[in-house]
Amino acid sequence: MGVQTLTSPVQEYYAPPDSMLIRVEDLWKTYDMGAIQVNALSGVSFDIPRGEYVAIMGPSGSGKSTLMNLIGCLDTPTSGRYWLNGRLVSELTDDELAYIRNKEIGFVFQTFNLLSRASALHNVELPLIYNGTPAAERVERAQEALRRVDLADRMNHKPNELSGGQRQRVAVARALVNNPSLLLADEPTGNLDTATGVEIMNLFDRLQAAGNTIVLVTHEHDIAARARRIISVRDGKVARDEQVR
Amino acid sequence: MSAIANAQPLLSRSKSRDGHASFTVSAREAFWIALEALRVHKLRSFLTLLGVVIATTTLIVVMSVINGMNLYIADHIANLGANVFILDQFNWANTSDEEWIKEQRRNKLIRMEDYEFLKDNLQGYKAIGAEAWRGRNSAPVIRYRDHALYEVQITGETPSMMGIGQQQVGSGRYFTESEYEHSALVCFIGNDLVNEFFPNSDPLDKVISIGGQPFRIIGVAQTLGKTLGQSQDDFVQIPLTIFQKLYASRPGIDVNVQANNSDQMLELEDETRALMRARHHIPYKDTDDFGINASATIMGLWQQLTGSIFAITIAVVAVFMVVGGIVIMNIMLASVTERTHEIGIRKSLGARRRDILLQFVIESGVMAGVGGLLGIALAVIVAKLVDMVFTASVPASAVLVGLSLSTIVGLFFGIYPATKAARLDPIEALRTEA
Ligand SMILES: Nc1ncnc2c1ncn2[C@@H]1O[C@H](COP(=O)(O)OP(=O)(O)OP(=O)(O)O)[C@@H](O)[C@H]1O
Ligand SMILES: [Mg+2]
Chain A
29 MGVQTLTSPV
39 QEYYAPPDSM
49 LIRVEDLWKT
59 YDMGAIQVNA
69 LSGVSFDIPR
79 GEYVAIMGPS
89 GSGKSTLMNL
99 IGCLDTPTSG
109 RYWLNGRLVS
119 ELTDDELAYI
129 RNKEIGFVFQ
139 TFNLLSRASA
149 LHNVELPLIY
159 NGTPAAERVE
169 RAQEALRRVD
179 LADRMNHKPN
189 ELSGGQRQRV
199 AVARALVNNP
209 SLLLADEPTG
219 NLDTATGVEI
229 MNLFDRLQAA
239 GNTIVLVTHE
249 HDIAARARRI
259 ISVRDGKVAR
269 DEQVR
Chain B
3 MSAIANAQPL
13 LSRSKSRDGH
23 ASFTVSAREA
33 FWIALEALRV
43 HKLRSFLTLL
53 GVVIATTTLI
63 VVMSVINGMN
73 LYIADHIANL
83 GANVFILDQF
93 NWANTSDEEW
103 IKEQRRNKLI
113 RMEDYEFLKD
123 NLQGYKAIGA
133 EAWRGRNSAP
143 VIRYRDHALY
153 EVQITGETPS
163 MMGIGQQQVG
173 SGRYFTESEY
183 EHSALVCFIG
193 NDLVNEFFPN
203 SDPLDKVISI
213 GGQPFRIIGV
223 AQTLGKTLGQ
233 SQDDFVQIPL
243 TIFQKLYASR
253 PGIDVNVQAN
263 NSDQMLELED
273 ETRALMRARH
283 HIPYKDTDDF
293 GINASATIMG
303 LWQQLTGSIF
313 AITIAVVAVF
323 MVVGGIVIMN
333 IMLASVTERT
343 HEIGIRKSLG
353 ARRRDILLQF
363 VIESGVMAGV
373 GGLLGIALAV
383 IVAKLVDMVF
393 TASVPASAVL
403 VGLSLSTIVG
413 LFFGIYPATK
423 AARLDPIEAL
433 RTEA
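Residue numbers (this note's numbering), protein chains in the order written: chain A, 29 to 273; chain B, 3 to 436.
Calculated directly from the structure, the hints in this document are not laboratory data. From the three backbone atoms N, C-alpha and C, an ideal C-beta is built for every residue, glycine too. Treat the hints loosely; a few may be bogus.
What the hints assert, rightly or not - Selected chain B positions facing chain A (in silico; Cβ < 10 Å): (1) Val-27; (2) Lys-287; (3) Met-301; (4) Gln-306; (5) Gly-346; (6) Ile-347; (7) Arg-348; (8) Ser-350; (9) Ala-353; (10) Arg-354; (11) Asp-427; (12) Leu-432.
Just chain A, with the same shape it has in the complex (with noise of 0.2 Å):
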């Protein structure tokens, strides 16, 4: 006992309280660009529990992106923990983390990140094709996401047969399709107009009135006031964390 602990310090990390969805503690992305390091990200902590709506806002390369795409499971930090529905996630292996991404998450895009080819149900299906979810229920479940975001009538349609609103709700059906923990947007309506921006942003009201839990990267003002809790992140830091409702 005495010898192992000397060799290998057990770790005892602890897991927060079931009613907390995510705690981030410490979170560093740092990239190495050969002559200089760029702090992403320098040390971001803090919990959100289940049912939030967070805003995340700050100047541009403020590190917003970065701590998405951490949360998102997309990426891996260089130091600190992470825990998600009550697991440490954060040293996973990558087809653990795409598990996790299938299963936990829903990840909206601003640039909605829709397969070109496929209609708009094949890309609903999508992850439930990578759950092993059997045809038949694939179809019914992605066609039930659809509506939910008013498509029905259009989902055999292709990305580039749709408006810019409707590729993103077909985004927002395809994150949602799993019945996932976590909705995640990186800037939602940032290629929208504004008319099409309130559009989905009464759909992400909906879906948090219903009990999801959201969190979204904004520059806009009145699309973070939609939301009961604003983090402020500069230089890679948490500056402001507010309870707005």
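Using the hints, position chain B with the ligands against chain A.
Chain B with the ligands only, in chain A's frame:
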């Protein structure tokens, strides 16, 4: 209050519950993507697949021609007649040039005396006969009225030869013993001569001129057809006795021996060998100075020949396949680069390394498999054409081999590009322009 986080078994669920199902589901997705890619890039795919197409076509065409020739050989050439072996000056299935040169030097012609000797001393045969050949290019002209035929196969035969080979009397009859003994000017002809000389009349009892000598036609053989494009029906047979008088007083001959059944074949061959060695005074250690040839001998020779044709084909096909595989690998690498963004999207939605790996390996395999199918289709057409002028018959096994070989090549050469795709970092991949 707080639990130890590591205590929770995080991924056992993913492996036990989703493992197998997700594999088949994503394999099906991969198949769909592969066909879609082929549909979208028809020309590019076709050009990519040329190597595999050519390799498959070559393989199948060669297999078909060899198969066709095998059938022919078995049907027409190797089948000398049921349980027949032939004593000749030479061994027909010489394996090496040295042996051939050696036989050329020391083997003696088989003579009529040898035939008479075997006829009297060989025990238990069903039939024995002799024939002498006149080379086609030194064959005398055959005429009937103002028609002439050149290079017709003329042989001298003993009456016993009827029934030993494949040949059957179509109309009329074969020579009698009496005609043989009296060197009668009679002949037994193949159907080609009938077509040439007597298209509308009965050839029997007509007199044709063979090198100026009048021969009466006593019989016509049943049509044999063609072997490897060569007609088997342009022959004239005359009694061996008159053959000797007209063309060669001491001709080299073949002795045909027919056994009662296949079990007796080896026994009779051995006995013939022993008798001939005694006649030729061959010392115990020396090899035969004559050849004993049977269907098996010819089949053996033929199989040796096809073996080497096949070895060359394998080498050529292997080269084409490797070249084709490398081209496929190249296009797959380009495809991975082109679709980096798509890979990022799929990964962001939960595709694991193995899902992406599978997608590209299957795409590569399907592509090559389609190339294989094109190759098979092309080969079937080529084989049909070859069959018109020569012989070819597509064996079912060739189709199977062609399809599986090309698919395997595709799968193999897809591994490297697919591995590259699978290793892509999701964020880096998403960041590349679509
Ligand atoms: N792959 C990378 N390599 C090097 N530096 C990077 C990389 N990604 C991000 N950065 C740097 O990290 C910092 C934070 O970038 P990030 O994309 O998180 O900013 P952001 O807050 O999302 O900005 P914006 O509002 O413009 O989207 C920036 O200085 C950026 O240059
Ligand atoms: Mg950003």
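A quick look at each hint next to the structure:
1. Val-27: Given a least distance of 5 Å, the restraint on B/Val-27 holds.
2. Lys-287: violated (74 Å)
3. Met-301: With a closest approach of 55 Å, the B/Met-301 hint is violated.
4. Gln-306: violated (55 Å)
5. Gly-346: holds (8 Å)
6. Ile-347: For B/Ile-347, the interface hint holds, since the closest Cβ of chain A sits about 5 Å away, which is under 10 Å.
7. Arg-348: holds (7 Å)
8. Ser-350: holds (6 Å)
9. Ala-353: holds (5 Å)
10. Arg-354: holds (4 Å)
11. Asp-427: holds (8 Å)
12. Leu-432: holds (7 Å)
Of the hints listed earlier, those the structure fails to meet are numbers 2, 3 and 4, in rising order.
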